Structure formats: C-alpha cells, structure tokens
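Those protein sequences? They're chains A and B, same order as listed. Counting in the working numbering, the first sequence runs without a single skipped number right up to 404 at its last residue. Counting in the working numbering, the second sequence runs without a single skipped number right up to 310 at its last residue.
Don't read these hints as lab results, they were simulated from the structure. Computed from a predicted model, the values in this text were never measured in an experiment. Mixed in with the good hints, there may be bad ones.
[Claimed, not checked] Every beta carbon over 10 Å from chain B, so not counted as near; a handful from chain A, in silico: (1) MET134; (2) MET144; (3) SER209; (4) GLU297; (5) ASN360.
[What the hints assert, rightly or not] Just the calculated beta-carbon pair ranges, DEER-fashion: (6) ALA203(B) - ILE124(A): 43 to 51 Å; (7) LEU266(A) - ILE287(B): 54 to 62 Å; (8) SER193(B) - ILE124(A): 46 to 54 Å.
[Unchecked claim] Covered stretches of chain A (in silico footprint by chain B; criterion: 3 or more residues with CB under 8 Å from a CB of chain B, positions within the stretch not fixed): (9) 120-133; (10) 162-171; (11) 179-193; (12) 253-266; (13) 369-378.
No residue lacks a Cβ here, since even glycine has one placed at the ideal position from N, Cα and C.
Residue strings, one per chain:
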Amino acid sequence: MTTQASATRRTRRKTIPGTGGRTASVFLIPFFVLFALTMIAPVIYAIGMSLFAERRSGLGFGGATVEFVGLGNYVEVLSDTTFTDGFGRLAIYCLLYVPTLLAVALVLALLLDSAVAYAKRAFQLLLFLPHAVPGVIAALIWAYLYTPGVSPIVKALESGGIGIDFLSVQLVLPSMVNIAVWEWAGYNVIILFTALQALPREILEAARVDGAGEIRTALSIKTPLVWPALGVALLFTVIGSLQLFTEPKILSSATTAVTSTWVPNMWAYDAAFNRNNLPQAAAASIILALLAGLLSWVVTRFTSKEPTR
Amino acid sequence: MTAVIDRPASQTPTPVKPIRSHRPRATSRTAAKVGVNGLLVLGSAYMVLPLLWLVFAATKDAGDLYSGNAFAFGTDLVANLQRLLAQDDGIFLRWLANSILYAGIGAVVGGFVSLMAGYAFDKFEFRGKRGLYASVLVGVLIPNTATVIPLYLLAASIGLTNTIWAVLIPTLCNPFSVYLARVFSSGYLPAETLEAARVDGAGPIRSFLQVGLPMLVPGFVTIALFQFVGIWNNFMLPLIMLQDRDLFPSSVGIALWQSQVQQNPEFSTLVIAGSFVSVIPLIVAFVMLQRFWRSGLSAGSVK
C-alpha cells in the first residue's frame with residue numbers, strides 16, 4: 096500500500112498538474128478499448144482458433160469433434176498450392192505495382208514542382224480525383240474499360256490492328272496493377288509534391304547557379320531530398336498492396352482468369368465462406384498479418400537508414 | 008539535357024558558352040514548357056477519362072453501351088436513374104443511406120475518439136506513453152484486410168454478424184487517425200494556450216473541450232473526411248459481415264448487382280448508374296474540402 100502511494104506521488108510530482116496518467120486515461124480509454132476489441136481480441140481469437148480443427152467421424156454421422164492440432168492448419172495452408180500460388184501472384188503484383196506507382200507518382204510530382212508548370216492546383220485536383228472513387232467502383236469502371244465490346248480502349252486498339260485481351264490469364268495481373276495505380280498515384284503525387292514544395296529554395300537556387308538544368312536538378316537534387324517522404328509512400332504502398340482483395344474480387348465477375356482463390360485474401364474468404372473451414376481461414380489471415388508486420392519492419396529499417404530528418 | 012552539355016563546357020574557354028546557350032536556351036525553355044505541361048495533361052487525362060466514361064455510360068441503355076461512341080452522350084440518363092431507384096423497391100436508396108450512416112457515424116465518433124487520443128499523446132506526460140504509442144503505430148502497419156476475417160470469427164462467436172454493429176464498431180478504431188491527430192495537436196495547438204486556460208482554473212477536460220477542441224476543428228474535419236472516405240470505400244468488411252441485403256452499404260450492393268451481369272446484361276446499366284450516383288457526392292466533397300485533404304496528406308507524410 097505505502098509503496099503504491101509513494102509511487103503515484105512520485106509520478107504526480109514529475110509532471111505538470113492535471114496532465115498525469117489519470118487524466119490522460121480519460122482521453123485514451125475510448126480509443127484503446129476499441130483497439131483491444133477490434134484489433135487485439137480478434138487476432139488472439141483467430142490465433143486460438145487456428146490451432147484447432149474440426150474432425151468428422153469416418154462415417155459422416157454424429158457431428159464433428161474439435162481437436163487441437165497445433166500448427167497443423169498452418170502446415171496445411173502453406174502446403175496448399177492454391178494458397179502458395181496466390182502468394183506468388185501477390186508477390187508479382189507487388190513487384191509490378193510498387194515501383195510503377197512510386198515512379199509514376201514521383202515523375203508527376205516533379206513535373207508539378209517544375210518552374211514551368213501551369214495551373215498547379217488544377218492539375219493536383221485532377222490527379223487526385225480517382226482517389227475519391229471507391230475501390231469497388233474503380234474496379235468496376237476498369238472492368239468495363241477492359242471488356243471487349245464496351246471498352247473504347249479495346250476498340251481503338253483493334254482499329255489500329257492490335258488485339259489485346261486485358262482480362263486474359265496473362266494480362267489480368269498487369270490490368271489490376273493499372274487499376275491500383277489509377278486509384279493511388281494522385282494520393283502519392285500530393286504527398287511527394289508537398290515534400291518537394293518544402294525543400295529549401297536556396298539549395299535549388301545554388302544548383303541552378305551551378306548550371307544544373309531542370310531535369311538534372313529534379314533527378315540528382317530534389318529526388319534524394321524527398322527520400323523520407325518517398326519512404327513513407329513506399330511503406331504505405333507495400334502495406335496497401337498486401338490488402339489486395341476488392342479489385343480481383345470484382346474482376347472475378349468479369350473474367351474466369353481470376354479464380355476464387357486468386358490472392359491470399361480471396362483464399363481466406365473462400366476458406367471461410369465456401370469451404371466452411373474457419374480454422375484455415377484464421378490461419379491464412381494470421382500468416383498475412385505476420386507477413387505484413389515483417390515487410391513493414393523491413394521497409395522501415397531500409398528507409399530510415401537513408402538520410403533522415 | 009543542357010546541364011549535361013553545359014558542365015564540361017564551363018571548363019573550356021569561355022567564348023564557347025554564350026554561343027551555345029543563347030538561342031537554344033530560349034527554345035529549350037519553350038520546349039520544357041510544352042513538355043512538362045503536356046505530360047501533366049496526359050497524366051490528368053489518364054486520371055479523368057475513366058470518370059468521364061462513367062458519366063457518358065450513365066446516359067446510355069444497354070444497347071448503346073455495347074455499340075456506338077463511348078465518349079458521346081446517350082439519351083437514357085433519366086430512364087436509367089428511374090430504373091435504378093425502382094429496382095427491388097428502391098433498395099439502392101437504402102444502400103446509399105446505409106453508406107451515409109456507417110461512414111457518417113464512423114467519421115464523427117471515430118474521429119472524435121482518435122482526436123482525444125492524439126491530443127493526450129501530444130499534450131500529456133504519463134507512464135507507458137512510448138509503449139502505448141508504439142502499439143498505435145503497429146496498428147497503423149497491420150493491413151485492414153488481415154484483421155477482417157479474425158473480426159468476423161470473433162463477431163460470429165458472439166452473434167454480432169449481420170448487424171450494423173459488426174460494420175460500425177470496427178470503423179470507429181483507426182490508429183492512423185490517432186497519428187494524424189497527434190501531428191495536428193502539436194501543430195495547431197500551442198501548449199501555452201492550454202497552460203493559460205489551466206491557470207484560469209479550467210480542468211484538463213474543460214480546457215480540452217473549450218480551448219483545445221475549437222482550435223483543432225480543422226484537424227478534426229480532415230481526420231473525419233479521411234475516415235468517411237475510408238469507410239465509404241470499405242468493401243471486404245461489410246461484404247463478410249452482412250448477409251441481409253437491407254443492411255448493405257452501396258459498395259457491396261453494387262458489387263452484388265455486378266455479379267448478376269453475367270446472367271443478365273441489363274444489370275450493367277444499373278451497376279453503371281449506381282456507380283455514377285454514389286461517386287458524385289464524394290467528388291463534390293473532395294472538390295469542396297480541398298483545403299482539408301491537402302493538410303491531411305501533408306501531415307501524413309511527416310515521419
């Protein structure tokens with residue numbers, strides 16, 4: 096009792112009156128209750144569930160029994176080729192999407208930042224517009240723009256003698272990358288453009304006096320200086336790309352090239368709702384969350400090694 | 008390009024430089040203007056043309072959609088909207104209302120919860136602050152979709168699936184908003200102002216409500232805007248949690264219609280008209296609230 100009391104008194108004295116833990120908790124409790132309910136508890140529950148499996152008796156009568164299988168579900172998920180194929184596709188998707196998105200966003204941001212660009216605010220607004228479009232609708236618009244017969248793009252290419260099926264097995268993945276780039280490029284343009292605008296003008300002036308042209312300044316001076324902002328954009332892009340679900344789910348209604356287990360998220364959805372194997376769905380989600388954590392950590396490590404603020 | 012040529016040139020005898028750079032400079036400046044703005048127009052066209060296509064497509068019936076000029080107006084906008092509103096006894100309006108309800112409550116309540124937490128992280132000193140804040144950042148880094156199925160499993164175990172709570176409660180918790188709120192609180196709200204309120208005898212809660220909150224309104228609007236759009240756009244959570252069509256938000260409803268296009272192409276006009284109607288309020292909001300999303304994006308890029 097006495098030690099506890101003296102401990103509180105000590106913390107009280109260290110801080111400004113009225114800003115101690117007790118007051119802070121009034122402000123923090125709502126958020127952390129929600130945090131515990133919607134992020135921590137589900138993950139713990141899913142981990143627990145993933146360690147068990149339903150076993151039906153040999154004859155199929157008498158209902159199922161639940162038994163502890165340890166990491167058995169993880170082994171089964173990871174050895175299922177439809178799951179690992181999905182991961183392969185997700186990996187290719189990330190490798191195509193992340194560099195394309197960042198390159199497009201950086202180039203557009205540098206163009207906007209260039210001294211000769213007109214109507215910067217209007218261009219920013221136009222570039223950002225697709226971000227206001229819900230993912231489902233973005234995927235739908237592009238699904239139509241990829242469908243022969245409806246699509247003006249396919250029609251134009253055909254009249255030029257080029258026949259391309261954007262929804263074929265070979266092209267559907269790049270087609271999906273295009274949808275995601277369309278949705279997210281403008282968002283990242285604004286982030287990078289804001290960072291570019293905040294660069295000290297003296298440095299850019301010095302580069303100009305030294306005879307560096309616009310392109311040279313953009314590539315060897317501005318780009319390295321906005322590295323921290325690029326790092327943040329990279330981190331959120333990587334996390335975002337692991338979420339891939341909406342676009343393939345919508346495109347799967349327009350083409351058979353996208354199967355019901357096309358990416359890990361769809362695999363988990365299919366496990367839960369079509370195959371009724373909740374423990375495996377739980378295991379797949381945990382695998383994805385762990386991978387996301389690992390990748391975020393790698394990206395944070397990698398980007399913070401570079402020049403920091 | 009000129010830079011690459013100019014650099015070595017400056018080491019060679021001076022007369023060379025003026026001759027080489029006088030006339031080309033003027034033309035290369037025009038070339039740069041045309042090039043830079045041309046590329047920006049191209050980039051903007053890539054962003055805007057698909058949206059324009061949606062606008063044109065919303066004015067056509069199924070026949071026109073599959074034939075004719077994609078970038079020309081049809082004559083069926085009113086008919087399409089009437090069909091949209093009439094389909095399944097006007098269920099689309101219900102979906103739209105659900106979207107507004109989920110996104111509105113999520114944005115206002117969730118935004119306020121995050122604002123309080125971000126304010127406390129910025130202005131208060133307490134034990135375990137670093138650890139708690141680190142957990143918020145971990146929350147930012149975990150992709151939403153990775154927790155959706157665990158959330159479903161938990162909600163199913165307590166019988167909460169297929170209720171509005173199943174889609175509402177998860178959206179109230181947004182770690183990224185807490186992060187934004189902390190950035191805004193330290194940027195907009197000088198500690199001295201709060202100190203002054205405290206000297207005047209206001210308690211910490213009163214000084215938050217009467218002094219802090221009014222100064223944080225722009226930050227709150229930004230956070231609420233981002234949450235609103237995030238919830239409006241959310242697809243996987245409502246898709247998984249809800250089975251009752253009357254509870255669907257517009258995203259899930261439109262996707263349901265789209266899944267029927269294969270059997271009945273007539274549904275494509277419903278899908279397009281529905282997409283058109285549900286995109287318009289968001290675009291209007293974004294154009295009108297430019298100041299807020301700009302400040303949100305610049306705050307979000309601070310590491």
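Cross-check of the supplied hints:
With 10 Å as the threshold on Cβ separation, the claim that MET134(A) sits away from chain B is violated: the shortest Cβ distance comes to roughly 6 Å. A beta-carbon of chain B is positioned within 10 Å of the beta-carbon of MET144(A); the least distance is around 6 Å. Non-interface status of SER209(A) relative to chain B is broken: a Cβ of that chain comes within 10 Å, the nearest being about 5 Å off. No beta-carbon of chain B comes within 10 Å of the beta-carbon of GLU297(A); the shortest separation is about 19 Å.
At the 10 Å boundary, the C-beta of ASN360(A) falls inside the reach of chain B, the nearest C-beta of that chain being 5 Å off. Between ALA203(B) and ILE124(A), the C-beta spacing of about 27 Å breaks the proposed range 43 to 51 Å. Checked against the given bound of 54 to 62 Å, the beta carbons of LEU266(A) and ILE287(B), roughly 31 Å apart, lie outside it. A hinted range of 46 to 54 Å for the beta carbons of SER193(B) and ILE124(A) is inconsistent with their spacing of about 22 Å.
For the segment 120-133 of chain A, the stated coverage by chain B holds: 11 residues have a C-beta nearer than 8 Å to a C-beta of that chain, and at least 3 were required. Using a Cβ-Cβ cut-off of 8 Å, 0 residues of the segment 162-171 of chain A lie near chain B, which falls short of the minimum of three, so the contact claim is violated. Given as covered by chain B, the segment 179-193 of chain A fails the check, having 0 residues with a CB less than 8 Å from a CB of that chain where 3 are the minimum. With 0 residues carrying a beta carbon less than 8 Å from a beta carbon of chain B, the segment 253-266 of chain A misses the three-residue requirement, and the given coverage is violated.
With a threshold of 8 Å between beta carbons, the proposed coverage of the segment 369-378 of chain A by chain B holds, since 3 of its residues qualify and at least three are required.
Hints 1, 2, 3, 5, 6, 7, 8, 10, 11, 12 from the list above are not met by this structure, while the remaining hints are.
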